[in-house]
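These protein sequences, in sequence, are chains E and P.
The numbers in my numbering rise by one with no breaks, and the one at position 187 of the first sequence is 344.
The numbers in my numbering rise by one with no breaks, and the one at position 202 of the second sequence is 279.
Note that these hints are calculated values from the structure, not bench results.
A hint or two may mislead.
Which stretches of chain P does chain E cover? Using the computed rule of at least three CB atoms under 8 Å from a CB of chain E, they are [what the hints assert, rightly or not]:
1) 125-135
2) 263-274
Residues on chain E that point at chain P, a partial pick, calculated with CB under 10 Å [to be verified]:
3) G238
4) R242
5) P247
6) H355
Glycine residues also receive a C-beta, built at the ideal position from the N, C-alpha and C atoms.
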Amino acid sequence: MTALSALTERVIVNTYRDLDLVFAIIAPLATFVGFMLALGKVIDTGALSYPQYLLPITVIQATVFSSMTTADRAARDQSQGFGVRMKSLPISAVVPLTARMLYCMLRGALGLAAALIVAYVFGFRLNGGPWYAVAFVLLFLCFTLALSLGADAVGTRLSHVEAASQILFVPQMLLVLLSTGLAPVTAFPEWLRPFVAHQPISQITETLRGFTEGRVETSNLLTTTAWCIGMLVVFGLAAVRMQRRPG
Amino acid sequence: MIELRNVGKSFGGQAPALRDVSFDVPAGSICALLGHNGAGKTTTVSILCTLLTPTSGYAKVAGHDVVREAAQVRSSIGVTGQDVAVDILLTGRENLVLFGRLRGLRRKRAQERADELLHEFDMVKAADRPVSTYSGGMRRRIDIAVALVVPPKVLFLDEPTTGLDPRSRRAVWSLVSGLSDQGVTVLLTTQYLEEADVLSDSIVILDSGQVIASGTAGDLKKLVGHGYCELTLVDPLNVSRVAELLADFQDVESDVEAGTVAVLATDGVATLREVLRRVSDSDIDLIDISLRKPSLDEVFLHLTQPAITA
């Protein structure tokens, strides 16, 4: 326990100093405002107001974006000889990973809070009542954890600090832009629609949006749950595996 | 305190990194593991620190088997690797407190211990600056201090002075010998013979993953058996010419910067006479010619280049 709290404290102090934590709070807030101003009057989201439509993707995008510095952090812990010392300490090999994950959840929660506050100013409301609000937060944190585990595994595996985030940059951009997070599927060209409609970011933002409105669509909820559990298991196993002391 | 018996390590498919390595380090002594890059020094240390498991043989640290009792081994050791292994965004003090807590100290106790170490290592002034602002020598010192937060029985120093300027190197040396005076057993790896000579009670020489010699610096010097005949030239540009003239002697070493050439004096004075004759015949001027005991460098060359001595 001492080890875990000491290491978590370390990550927080670090990210406060290298401003990662600050950016994690500003980013979703700025994305929300930016997209609101740029697209708010352009995109037709039917009965739903644009702030209501936009919020889920801004927090999801913030998580996706943050996962790049998560990868870098894991890589740095590995490459600096710091990782070697960690592994020679009388602590469990997964404690440093757990500390990094706790930080990712904290960062996600703070970013989410910041985005919600600003979105409220623009007219966004959590209309589903407290249970849906809790579901919203839980799903968001679950996605954050899953993605952070994946990013940590990639970063640990690569251990080249510059490379880690760059490798993740292009896929994350494409997944966010080619999703139904910013615009409904009808805004995309016909041939792209099957991908846009079914890719995980679209599915998860749909579910989140449903939670803000107090409604769930069963097939969508199942898809989202499957993605989240699948990612948690696969990325979780990968991340833990990476922490093992080598033969 | 450290015991290795027939330790071997291979990484799938490649030539074995270690073959049949055996040596002991008695409690409270300093042992230097000497060898070129790739000789197997870091692999040996990694096995002793429980980071790698040996493919054959066994190793014990502080009485515990490094594979079966890895947890006990980890509680008895301090490690500093080749890279400085502290968090450079944290201050020196924060690093000490962090690692104190990771070794199970309560926050309060970790803070007190950090203060003690900062005094001991003369780093009070820099204590509250991030390590990223430290010089190489200071980083090395804080790194060693971190390894000592909870005094280890055995301290592993992997190339502790690589990349340091001579002054910082001496500072690290006096630090290390001080530790051994306090009863800590130290295993250090180095490429510098001088370091092994000055610092250690015993030396183990590794080459291509095998122990090729071990003993005290004195023992190793005796292994060569002969002294060296060394010439100092007036004109350093002649060094390669002289080296050519003497090419049929054993262990020919030339140092262009110092303007010296040395050969193994297998026949003592007779070697000296022959060397002098050849050099005088070719009209090369000398400042000095002498017979002397081998340096550890020469022991090393002698042992790692069997082809020349054959």
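Verification of the hints:
Counting residues of the region 125-135 of chain P whose C-beta sits closer than 8 Å to any C-beta of chain E gives 5, which meets the bar of three, so the coverage hint holds. A stretch counts as covered by a chain when three or more of its residues have a beta carbon under 8 Å from one of that chain; for the region 263-274 of chain P and chain E the count is 0, and the coverage is violated. Here the hint on G238 of chain E is kept, as its CB sits about 3 Å from the closest CB of chain P, short of 10 Å. Interface restraint check for R242 of chain E: the shortest CB-CB distance to chain P comes to about 4 Å, inside 10 Å, so the restraint holds.
Interface hint at P247 of chain E: satisfied, since its Cβ lies 4 Å from the closest Cβ of chain P, which is below the 10 Å cut-off. For H355 of chain E, the interface hint is violated, the least distance from its beta-carbon to any beta-carbon of chain P being 41 Å, above 10 Å.
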